[in-house]
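Kindly produce the complete structure, drawing on both the sequences and the hints.
Taken in sequence, the protein lines are chains A and B. Each residue of the first sequence is one higher than the one before, counting from 1 in our numbering. Each residue of the second sequence is one higher than the one before, counting from 1 in our numbering.
Simulated from the structure, these hints should not be mistaken for lab results. Incorrect hints may have been included.
[To be verified] Derived PhoX-like pairs (lysine-lysine); straight-line CA-CA distance at most 25 Å:
1. A:K60 to B:K391
2. A:K79 to A:K63
3. B:K125 to B:K106
4. B:K391 to A:K50
5. A:K99 to A:K50
6. B:K106 to A:K79
7. A:K51 to B:K391
8. A:K63 to A:K50
9. B:K391 to A:K58
10. B:K6 to A:K79
11. A:K99 to B:K391
12. B:K314 to B:K39
None of these values were measured; they are calculated from a predicted model.
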Amino acid sequence: MGFLDHTTNNVIIDAVLTERGRELLSQNTGNFSISSFSFGDDEVDYTNIKKYGLQMGKEKIEKNTPIFEAQTNENLALKYNNISLNNNNLRILYIPLLKRYFTGTSSPNVVELDINNTTAQYQTITVLSTLNQSSGQTSIDSNLIDNSFTIKMNNLILKTYQTNGVELVQAYSDLDENNIATYSNISGSPASVASFEGFALSGRQLLTYAVGLSKTSPQINLSTFQKFGSIISGKYVIKTQIEISGNSSGSRIIIPVNITGPSV
Amino acid sequence: MASRFKNITSTDVKVEKSRLNQLIDIISLDISSVSNRKKYPSFVTGLVTPVTSSLFQTIYDQDYTYQSSNAMLDVAFGVYANVTGSSVVGSELVTELSPTIGDGNKLVFSTTTSTMMREKINVYKQYAQALLGNADSAFYSPFEDTTESNRIDEAIFINVKRLFKRDNIYKGSFGIKFFDELTGFDTAACPDTQHGSVGWSKKLTGNLFSTSNNSTNTTNQPVMLIDKDGSTNFRIGYAGEIGSLYKTVDSGANYISTPCGLIFYDAGIVVLDVKKIFNSNESVTGIIDFPDSLAVNNVVFKTGGTTHNIPVGKRAIGNSGSPINFYGFLKLATLDDIIDHFCMSRFSSNLTTAIAFQNETIVNSTIYYCNASPDDFNYSTNPTYTDSTGKIVVVEDTNDIPFTYITTVGLYNTASELIAVAKLSRPVEKNPLHNLSIRVRLDY
Chain A
1 MGFLDHTTNN VIIDAVLTER GRELLSQNTG NFSISSFSFG DDEVDYTNIK KYGLQMGKEK
61 IEKNTPIFEA QTNENLALKY NNISLNNNNL RILYIPLLKR YFTGTSSPNV VELDINNTTA
121 QYQTITVLST LNQSSGQTSI DSNLIDNSFT IKMNNLILKT YQTNGVELVQ AYSDLDENNI
181 ATYSNISGSP ASVASFEGFA LSGRQLLTYA VGLSKTSPQI NLSTFQKFGS IISGKYVIKT
241 QIEISGNSSG SRIIIPVNIT GPSV
Chain B
1 MASRFKNITS TDVKVEKSRL NQLIDIISLD ISSVSNRKKY PSFVTGLVTP VTSSLFQTIY
61 DQDYTYQSSN AMLDVAFGVY ANVTGSSVVG SELVTELSPT IGDGNKLVFS TTTSTMMREK
121 INVYKQYAQA LLGNADSAFY SPFEDTTESN RIDEAIFINV KRLFKRDNIY KGSFGIKFFD
181 ELTGFDTAAC PDTQHGSVGW SKKLTGNLFS TSNNSTNTTN QPVMLIDKDG STNFRIGYAG
241 EIGSLYKTVD SGANYISTPC GLIFYDAGIV VLDVKKIFNS NESVTGIIDF PDSLAVNNVV
301 FKTGGTTHNI PVGKRAIGNS GSPINFYGFL KLATLDDIID HFCMSRFSSN LTTAIAFQNE
361 TIVNSTIYYC NASPDDFNYS TNPTYTDSTG KIVVVEDTND IPFTYITTVG LYNTASELIA
421 VAKLSRPVEK NPLHNLSIRV RLDY
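Below, the structure is given as structure tokens:
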């Protein structure tokens, strides 16, 4: 944490290496080379602006926001980036949301998997990057179209699957100390037409992604359930989640996953 | 596509070097306490009655058996001696013992008049090799002197551990306070009164292992050795920068002009000249480890005092009718006994400062100038930045000026991996009306 000098707009603060940074430094392969920076506002609650008005809300944020110490886990240290738009003169009012998309009548919020049922060991998830119809918008600004997504999930429990139910050996781009695997640049597909949500929206993107139980390296087993699970109705149940974010909008959705395991 | 990153160019990166000082304060009790000193018994006499000893001891900041203890100092004792042709030159401890010269110039000492003399010489040679570049060289104080009177023939070596030394000891900051004279050599404090119920615990015996020196003793005040003028008057030798230690009895008001020790700042090693800091003719008394194979009964330490039976493997010195001086002790004693004596009798058992210095850490810093122009980073991916419909909450319409706050700066590599992170002390507003420059320092 650094201190701000009010006499100048120039701030100097100390940085700490993340675990990934230390790993790269220790590897000495030349990948420890800082080439860009980003700003984040993880602690800020912008709803203060709505609650208290612009001036009072700003004051609340500036004076009443506790800033946490830096974390060294690269997945936790900076979650919410500030973003820049390509068009300098552009003023936008809406940022796309990520929401689950269901084709049938059922729209369960939670993904249910069951190790005891071979047909329930994986599930295809569909997510839309879209705007609400109430926004009155007919297009998503080109800066914010989520052509690709980033997915994070516990590598000890969940893996990427093909939509036909075959576990996919896909290299994650990062695995942190908590065994959270990050899969970057998962492509979406255009979903502009009205058939998706009942209204046409240019720039809407669809992500179809299958996840299932980790069956290889490592394989989910009884000890996994004993370690991470709780006992519900005589069976081990692991409650975990999948975090999906749009690479352009930065919007994210957290999808809860319940995994039913063996009987106690 | 909206961008989360902004490139850092070579002109945005500056490097600088700075020095960080830390004050280290070692209290007397840590040195004098037996439980704080770890021994490494690696020496065993090859006689019928074996005596074991370490070659050095490590002083911890608390009981060394605790996992939370930190090693602070290593203490060793060494004696200078060299074989020149058919004669031995060096400390009078060695020459007075008249050792014979064996094969390979190995010195052979009588086992009845000395202990561990070869080890004492070897310890000195090891330090000479490391600090002077030649195992046969001698330390002199002042460093560049070559007169015999300024040669350090008997040396106490104090190594400051890396945790406390850091990169080096800061020149002109070192001071050590100890008793140059012993207490307890009088009839009232002879072993008779201290021996008794604890059996053969020699550590409570005589003035050699007395812990009675303390600040309440008005007749025996400690002296200080200080590397005065160390920052402006030092030498650079084989092992880096070297300063001289000067003795003062009045807390720095006056100094004895001839230095009585050396300090190697880079190595973090202090070399004390025993004959200048202690009184070599001072009478001593106590019971030491010695490979005597016969028990001695009816030993009396003071006239009319209690008689003691000294078992094998021990020797009473300074007992009634057999006075012995400090140099005699240095010949007879094992290295463990000499270091025990130095730590127990020369440092008080209270909480006053015994050794103080500043260490120095050299910090290489890279400063990244993270410059955000007016159009950068004016929107946020924070979930509270939009409402449930995706509407940005900080603006009402497109005429309003968007803004964000910044609490965190992330530094990324070319693969967009977060490799360093820095936090601000409070949120700083960013909007299109001004630029913002945050300097992020990464220390190595």
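The hints, checked one at a time:
no. : hint             : in the structure
1   : A:K60 to B:K391  : holds, 21 Å
2   : A:K79 to A:K63   : holds, 22 Å
3   : B:K125 to B:K106 : holds, 14 Å
4   : B:K391 to A:K50  : holds, 12 Å
5   : A:K99 to A:K50   : holds, 23 Å
6   : B:K106 to A:K79  : violated, 70 Å
7   : A:K51 to B:K391  : holds, 15 Å
8   : A:K63 to A:K50   : holds, 17 Å
9   : B:K391 to A:K58  : holds, 18 Å
10  : B:K6 to A:K79    : holds, 17 Å
11  : A:K99 to B:K391  : holds, 15 Å
12  : B:K314 to B:K39  : holds, 19 Å
Violated hint for the displayed structure: number 6, the only one.
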